[in-house]
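**Student:** Residue numbers (the working numbering), protein chains in the order written: chain A, 3 to 123; chain B, 1053 to 1681; chain C, 64 to 234.
This list has only true hints and no planted wrong ones.
BS3-like, lysine-lysine: derived pairs with alpha carbons at most 27 Å apart:
1) Lys1170/B / Lys1253/B
2) Lys1601/B / Lys27/A
3) Lys94/A / Lys216/C
4) Lys1566/B / Lys191/C
5) Lys65/A / Lys191/C
6) Lys127/C / Lys80/A
7) Lys103/C / Lys71/A
8) Lys27/A / Lys1626/B
9) Lys1432/B / Lys90/C
10) Lys71/A / Lys191/C
11) Lys80/A / Lys191/C
12) Lys80/A / Lys216/C
13) Lys27/A / Lys191/C
14) Lys1432/B / Lys33/A
15) Lys27/A / Lys1566/B
16) Lys1395/B / Lys119/A
17) Lys1561/B / Lys167/C
18) Lys88/A / Lys103/C
19) Lys65/A / Lys1566/B
20) Lys33/A / Lys1596/B
21) Lys80/A / Lys182/C
22) Lys1475/B / Lys6/A
23) Lys71/A / Lys216/C
24) Lys80/A / Lys103/C
What follows is a set of in silico ranges between Cβ atoms, one per label pair, in the way DEER data are often shown:
25) Asn1585/B / Lys68/A: 43 to 49 Å
26) Asn105/C / Phe1558/B: 28 to 34 Å
27) Gly1252/B / Ile100/A: 34 to 40 Å
28) Lys1566/B / Glu72/A: 26 to 32 Å
Rather than coming from a laboratory, the hints here were simulated on the basis of the structure. Because the structure is a prediction, the values reported are computed rather than measured. Cβ atoms here follow ideal geometry from the backbone N, Cα and C, with glycine treated the same way.
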Amino acid sequence: MKSKIIFFILAFFIFSSIHANENIKVNDIFKNLRCLVCQGQSIADSNSDFASTVKLVVEDQIKQGKSEKEIYSFLISKYGEWIVYKPSFDTKNFFLWILPYLVLVSGGIILYVLLRKKPKL
Amino acid sequence: MLSEFGQLSIFLVTIFSVLIIYKSFLSLKNNIQIIEPGIYQLSLWQVTVTILSFLVLIAAYLVSDFSLINVYENSHTAKPLFYKIAGSWGNHEGSLLLWINILVIFSYLFLIFNFKHKKNFRLLTLVIQNLIILGFTLFLIFNSNPFSQLEPVPLEGLGLNPILQDPALALHPPMLYVGFVGCSIYFSAAIASMLSNYRGKLFANSIKSWVLISWCFQTLGISLGSIWAYYELGWGGFWFWDPVENASLLPWFAITALMHSVMVLEKRDNLYAWVIILCLITFILSVTGTFLVRSGILNSVHTFASDPARGIYILLFLSVMIFSSLIIFFRTFKKESYNFYFKSKETFILINNWFMAFFLVTVLVGTLYPIFLDVVTNEKISVGPPFYNIVIIPLAVPLLVLMVVGPQLSWINSKSLGVVKHKALIIIGALLINFIIYLIFGSSSFLSNLIFISALFLIIHSILEAYKIYQKKIKFELPRVISHLGFGLLVLFIGINHNFSNEQDFNLKVGEEKKFDEYSIVFKDLKLKQEKNYKAIIGDFEIKNFDKKINKILNPEIRIYSNPETLTYEAAIKTRIDSDLYLTMSNISRSDYYNIKFQHKPLMIWIWISVLMVVFGGFLQLMRNKNES
Amino acid sequence: MRVNLTRIIIFGFIFFCLSIFWLGLKKDQTYDTRNLIGNKINEFNIPSLDETNSFSEQYFLNNKFTIVNFFASWCAPCRDEHKYLVELSKNGAHIVGVSFKDKKSNTLDFLNQLGNPYKFIAADNDGKASISFGIYGIPESIIINSESVVVKKIIGPINQEIFKEILNIIK
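This is chain A alone, in the form it adopts within the complex (with noise of 0.2 Å):
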């Protein structure tokens, strides 16, 4: 029974997600990058001008077949840091990526003190 449960699960599970799609999608790095003259607005969500032109050149650099990480090393390069919604892994950024699993494993750490003395009732 167990095992007929567990090949069941690994059926299904191979089954809907081997496809997963690996294309770039364009809009998704639309949303990615900061529209610089408008209020925290994405370039995906943005009408202006320069939102426009942004969408023109990485729908022209990725027919050149550039990658994702390429078109944003371009545009990091332009316009800087600030364009993109993704913060680079780097010392400056340390904090930032590092602080949230900093808690996460130090609550676990917390609640495995908490949790080892056994009660006495």
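Assemble chains B and C onto chain A, guided by the hints.
**Tutor:** Relative to chain A, chains B and C alone:
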């Protein structure tokens, strides 16, 4: 006239606050065990005058009394009645008055409803709450007075930003404020509890309904904000991880943790210090959020007119609040002993708190890090959706599973963790439905599949539980089941919507057609329309989907409002039971082309329905609490 | 003693956060790319206005400094700054004008009216080339040295003060 009347009532609120604090201190010294009628009367007077001041402001908006700067800047005679009223709290000064109203109303209600509790605790809560009220009324009087006068009186007002003229947005601030400012009462109660040594179960009992009320309204307020963003902003999304949205989410995480752990304090008389910390943090985060939003320190879409002087005042207030509550906390801190078995409800509530702390810190760090980096290193970075998605989404999987297991365990100790009945069946059911999702919508990433399956696990289990409740008629678990079910559905629908939306961005001119995937969009015509307070350019689009045999006409608009002169883009949204069709158009300068954003979003309406379900569970619990006592 | 230490850390941390907030209030929240200098500008090719020639990286080699000015006839601040460009040109500055999303005839009218300070006029009709220069709104002017490296960026119109700064750089 109205201005003087308003000024007077605000002044009276302040006087009543001072009197209440003074009287309460006198009363704290005597040995009578009940609160004197005088204090009740003062409180009643205070609440009456406060509400009156707000009514005066609304009246000024209704009659368009432009001798008030606030009315002049935010209203217009030609505005619909509903937005005249809503306009009174749609700006900084008016919303601060609303804020004070809620502070005072909660102060009064807490006083009269908690008559069973110890006198000193109640009086101290009243004192602390009135200190907060004083802080905000002084801020209102000296910095942000909605009743300030204008000389000479202008004939016409500047009008309200048309983007804010939306029913969801009109109701969003009051809801959100009841949620955020409502937290103040258990902040005050927490400090009073430490000072008067009124700890444990009784304290938990005194605050639990207030926690629930503010949680319900916060959830509702945040969802209304999202609904507004979806229908009005014209970007096709409803959550952007924008700093201002994050500021509203921070207290929500804290309050959700509090709502759960206050049960432990009530049932097991444990975790007192932790509950106190959560009470303090929730309101501190609310005020921090206000600081972030109103001071202009953040770069956001949802800008309030900002003013650094405001920022400095709120920051000062915040500092006093944090430091004094910390000092009181450390002074009165008593070590507790924790006796928890792993296999118990309380342990799983702690695990819930652990997750909430993680989410809270993630959003907090993401929101504040750019400010910190800018100040320390002068470098500007943006932290947006990709960061939050990467950090937060994976943790949703264990959270969903724990939401199934936790509630099944009993207090103190359960025999085993295998209390979830029909596990195997539920998992197989979840996998099956996940497979059906794959057949209908297509494939998605490994992580998305995990999210779907764990959400379905929670959903199916909750439905089974609801069925059992219906059979056995034991209703006390019902609110929790509904809220958890709603949350599971919410995650599932957001997941499906996020993964399987078809989003396109292209340029068209009249007469052209665009074909992609199984869709065809024809830009048929362009019309001009003259309305009372705006001109509109209306596009006529025919959308066809060959697979699903959809054939719809959508009419997005570009509106040019006259007062104030603003351009807005109105999305055309066709809501259907299975999906939303969403289309916006915007003009491209110096060209005949229009930029078209088209989205086909599956199960959109169900996202709102499941959020409402989560809130409904909360209100149901509230009614149950009321019947209990 | 141990307990006191944690308290000191907590107080210190909160104090730190609040002072950052305080300092943050004084900061200018608007972002611009003014400080983004030292990068190379390459891989671009913009046709000239008369479509006989083109403007590319090679161009920079010939001059110690080249000022690349993005302008358009429909942009009001461009009109305001134009007199400074004419003045700079008289002082020996080598200026390349890039007409941004504009019609050829309008550009020519604009120059006939206000004078032509440009040694070379390129036309960026769809605006794509502007991205290679990190332009996000016009007018913008970029001073580039003979190694194609950005020396200075001027966001917005040139005024008297900036005019003097530019003269100092290129003299």
